[in-house]
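Chemist: Below, each chain spelled out in residue letters.
Number of protein chains: 2
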Amino acid sequence: MSSERKSALVLVAHGSRRVVSNDEIRELAARLAASQANEFFMVQPAFLELAEPSIPDGIEACIQRGAMEVVVFPYFLSAGRHVAEDIPAEVKIKQAQYPHMPISIADYLGIAADMPEMILDHLRG
Amino acid sequence: MSSERKSALVLVAHGSRRVVSNDEIRELAARLAASQANEFFMVQPAFLELAEPSIPDGIEACIQRGAMEVVVFPYFLSAGRHVAEDIPAEVKIKQAQYPHMPISIADYLGIAADMPEMILDHLRG
Numbered sequence: 001m002s003s004e005r006k007s008a009l010v011l012v013a014h015g016s017r018r019v020v021s022n023d024e025i026r027e028l029a030a031r032l033a034a035s036q037a038n039e040f041f042m043v044q045p046a047f048l049e050l051a052e053p054s055i056p057d058g059i060e061a062c063i064q065r066g067a068m069e070v071v072v073f074p075y076f077l078s079a080g081r082h083v084a085e086d087i088p089a090e091v092k093i094k095q096a097q098y099p100h101m102p103i104s105i106a107d108y109l110g111i112a113a114d115m116p117e118m119i120l121d122h123l124r125g
Numbered sequence: 001m002s003s004e005r006k007s008a009l010v011l012v013a014h015g016s017r018r019v020v021s022n023d024e025i026r027e028l029a030a031r032l033a034a035s036q037a038n039e040f041f042m043v044q045p046a047f048l049e050l051a052e053p054s055i056p057d058g059i060e061a062c063i064q065r066g067a068m069e070v071v072v073f074p075y076f077l078s079a080g081r082h083v084a085e086d087i088p089a090e091v092k093i094k095q096a097q098y099p100h101m102p103i104s105i106a107d108y109l110g111i112a113a114d115m116p117e118m119i120l121d122h123l124r125g
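Residue numbers (the working numbering), protein chains in the order written: chain A, 1 to 125; chain B, 1 to 125.
Next up, chain A with everything else stripped away, as it sits in the complex:
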């Protein structure tokens, strides 16, 4: 994922009726984009429901800004129906519309192999 390939990251959260929760995701996307470790040329927040933009609209925003590759990242902790079915169904809409654009879905956060260490680091503050 070199920047030459212009890879875009779509940070997907569930979406909430609480505006502050959705803003927290938008802020996280901005922090991701600003991180020194970041290799994506843009980080786009998107929501499965209850907030805007939707996942297809988020992917579209990346393509309109010149993405040559889009990675959809489910910011979820467990492999529920949302991760297993709902997000892939939303992504498929854009994959069908742009058959030559690589649009992939990354592993959801909760499956991270080093989650125990992430948690213990977090608890030590």
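A few of these clues could be false.
Covered stretches of chain B (in silico footprint by chain A; criterion: 3 or more residues with CB under 8 Å from a CB of chain A, positions within the stretch not fixed) [claimed, not checked]:
no., stretch
1, 20-27
2, 73-85
Computed from the model, here is a short list of chain B residues facing chain A with C-beta under 10 Å [what the hints assert, rightly or not]:
no., residue
3, Ser-54
4, Gln-95
5, Ala-106
6, Ile-111
7, Leu-120
Examples of chain A residues toward chain B, derived with CB under 8 Å [as the list claims (entries may be wrong)]:
no., residue
8, Glu-24
9, Arg-31
10, Asn-38
11, Phe-41
12, Ser-78
13, Gly-80
14, Ala-106
15, Leu-109
16, Leu-123
Please keep in mind that the hints were generated in silico from the structure rather than gathered at the bench.
In this text, a Cβ means the ideal position worked out from N, Cα and C, and glycines have one as well.
Following the hints, complete the assembly by docking chain B onto the known chain A.
Modeler: Then chain B, alone, in the frame of chain A:
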């Protein structure tokens, strides 16, 4: 949180109708307990709803096993109603029952300052 103080960690997830999602949390608790970075003498999974044990039952299990301190960790990504209200209400039940036992609630995972780097590490696999 030295082991001398016998601190217990309660890993709190939402709970799901999907058995596999709840088992994923139980497995994460076991991985946390087994981690070399772990300082808790036990790690107890608990669920806000839809699965067992409940948060009060999870805290009780720690106390029955000799915990001198209980840290309740919300394994949640956003500060929704569950984190802001529901988990504290459940914890309060046990704080009232054991007024001399230190039972605290740690920051939820999503607020971690280094979440962007956690995510980018995860995406690099």
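Chemist: Do the numbers back the hint for Ile-111(B), that is, is its least Cβ distance to chain A under 10 Å?
Modeler: Since the shortest Cβ distance to chain A is 8 Å, the answer is holds.
Chemist: Would you check whether Leu-109(A) satisfies its interface hint, that is, whether its CB is within less than 8 Å of any CB in chain B?
Modeler: holds (6 Å)
Chemist: When I compare C-beta atoms, does the stretch 20-27 of chain B have three or more residues closer than 8 Å to chain A?
Modeler: holds (count 4)
Chemist: At least three residues with a C-beta closer than 8 Å to a C-beta of chain A: is that true for the stretch 73-85 of chain B?
Modeler: Since 8 is at least three, the answer is holds.
Chemist: With a cut-off of 8 Å on the beta carbons, see whether Glu-24(A) makes it to chain B.
Modeler: Status holds, d = 6 Å.
Chemist: Tell me if the interface restraint on Gln-95(B) is satisfied: Cβ within less than 10 Å of some Cβ in chain A.
Modeler: violated (19 Å)
Chemist: Verify the interface restraint on Ala-106(A): the C-beta must sit less than 8 Å from at least one C-beta of chain B.
Modeler: It holds, given that the least Cβ distance between Ala-106(A) and chain B is near 6 Å, below 8 Å.
Chemist: Hold the hint about Arg-31(A) up to the distance rule: shortest CB distance to chain B must be less than 8 Å.
Modeler: holds (5 Å)
Chemist: Does the interface hint hold: is Asn-38(A) within less than 8 Å of chain B, judged Cβ to Cβ?
Modeler: holds (6 Å)
Chemist: Does the CB of Ser-78(A) sit less than 8 Å away from some CB of chain B?
Modeler: holds (4 Å)
Chemist: Using 10 Å as the Cβ threshold, decide whether Ser-54(B) counts as touching chain A.
Modeler: violated (18 Å)
Chemist: Given Ala-106(B) was flagged as interface, is its beta-carbon under 10 Å from a beta-carbon of chain A?
Modeler: holds (6 Å)
The structure fails hints 3, 4, 11 (numbered hints given earlier, in ascending order).
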